[in-house]
Amino acid sequence: MVEDEDAPIFAIAVAAELSAMHPQTLRQYDRIGLVVPGRTRGGSRRYSARNIHQLREVARLSAEGMSLP
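Going by this note's numbering, 45 is the number at position 36 of the sequence shown; the sequence numbering is gapless.
One thing to keep in mind: the hints can contain errors.
Distance ranges between label pairs, derived from CB positions [as the list claims (entries may be wrong)]:
#1 E66 - R36: 14 to 20 Å
#2 D13 - P78: 27 to 33 Å
#3 E14 - L70: 16 to 22 Å
FYI, nobody ran anything at the bench for these hints, they're computed from the structure.
Cβ coordinates follow ideal geometry from the N, Cα and C atoms, glycine included.
Make the full structure from the sequences, and use the hints.
Laid out in structure tokens, this is it:
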């Protein structure tokens, strides 16, 4: 997908689409420290390919009945 798995390149709208989640869900995960993206100098979230993989894994585990805590 991306050469550098940790490069913070995806804006929240793109990350939400790639992970099949709502942007508000990504914001909530950031707030609770579950998946924490990088930030631009202006404070905007930027997700890496590794973050996208983490989000997909959280979605999979959640679908299997695992709670966030």
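We went through each hint and held it up to the structure:
1. E66 - R36: 14 to 20 Å: holds, 18 Å
2. D13 - P78: 27 to 33 Å: For D13 and P78 the Cβ distance comes to about 31 Å; the hint holds.
3. E14 - L70: 16 to 22 Å: holds, 20 Å
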